[in-house]
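Novice: Between the sequences and the hints, there should be enough to build the whole structure, so can you do that?
Chains as they are written, first to last, in the numbering used here: chain X, 1 to 178; chain D, 1001 to 1182.
Take every hint as true, because none was put in to throw you off.
Pulled a few chain D residues facing chain X out of the computed Cβ check, cut under 10 angstroms:
1. Arg1068
2. Val1077
3. Phe1117
4. Arg1135
5. Val1137
6. Leu1177
Keep in mind that the hints were calculated from the coordinates and are not lab data.
The beta-carbon is built from N, C-alpha and C at its ideal position, and this holds for glycine as well.
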Amino acid sequence: MVVQVSDRFLVAAAQAGDPHAFEVLVGRHQVAVYRVALRMLGSGVDAEDAAQEALVQAWRGLSTFREESAFSTWLYRIVTNRCLNARVARHPTEALPDVLIDRDSDPAEVVAQSERLHALARGMLLLPAEQRAALILRELEGLSYEQIAQALGVTVPAVKGRIHRARLGLLKARATWR
Amino acid sequence: MALTDPTERLPCGTELAALITQFAEVAPAANPAHQARCQYCQASLGRIQELLSDVRALADEPVRVPRRLLEEVMARVDGPAGAVTLRDAPRGRTQVSEAVLAGVARQIAQTMPAVAFASALAHASGQGTVVLRVRLVVDYGPSLPGLAAAVREQIVKHVRRLTGVRVTEVEVSIDDLAAPDT
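Specialist: Here's what the structure looks like:
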C-alpha cells in the first residue's frame, strides 16, 4: 500500500508536522542512507550513528527542503556531508558484509571474489573523502552526474573529475593489495 | 597518501587515465591499432575491466540495515505536543494528546475503501474538542466529494466513540492519486 504513495506527498505531510509520514519516508530511504554511510566510514557502528544523525537532521531541517531536488538527493546530501566531516574507521571491520553464497557457484571463486570485494571496499576508504563520496554516489547508488553535483554542492565537471581520479586511485592501489 | 598520478603513462606511452576514460565512458580508443597489439595496453584494460566489474559486484551486495535504526530515529522525532482536556471529572481530569487523536483519525481514514494512504494532524480547539486536518492519497475511481464526506463522517463518529473528544471540524484534502499497482 505504502509503495503507491509518492515521496512528494509524504514530504508535504511530514513538513506539516505528521511524524508518521516521516516514518514512512525513513523506512523507504534508510537503506540508501545507511549504505552510503557504511561505504564512506567503513564501520557498521559509525555508519549507524551517522545514518541516525542524518535522518534526525532531515526531520529537523524539513522546512528547508524545497522541491528543487528529489528528496532522496537531499538525504544523500545530508548523510554525505556528515560522513565527509567524520573520521574513517582505522580498522574497518564491516566495510563489506557477507557475500551471499550461490549454491551453484564454485566455493573457491566465491572466496576469491569476497576477498577482492573486501579489498575494494577497503581501498575505497583510502581515497580522499571527496573522491570516495562521488564514486559511491555514482557507482554504488547509481545517481546521475547532475544529482551528484546537487548532493555534493559542486559542478558536474568537478564530479566527473573526482570519479575519474577515484577510479585511477583504485586501479593503482589494487596492485598493492595482492 | 598520494595514490594517483593522473599523468602516469604505461611503458608504451599511453596514459592510464585515458584507458580508464575509454572504459568507463565507453569511448573509442585514441589509437585502436596500437592498443590492439600492445601488451601493456591490453594488460591494463584487463585490470580496468576487472576493477569496474568488482565495483558493480560491490554495488549489488546487499547491506543489512540495523533494525533499531528506524526506532532510534523515530524516538528523536518529536510529534505534536498539545492535548485535549476532557470535561473535568470529579476525580481528576482526562487528557488525550494531539498525537493520539491524529493517529486515531489516520487509522479510521486508512480503513476506508479507496483510501491508499492518510496523514492526519490534530489541533486542540477548546475544552473537549479538536480540529482535524486529513490529507489523502486515493485510488482512481470514486467520487471525490462523496469520499471526503464519508471520511469526515466516519472520523467524527469514531473519534468521539474511541476518545470521548468531540470533533468540531475535519478538513479533508485529497492531495494525490495512488500509483497503480505494478
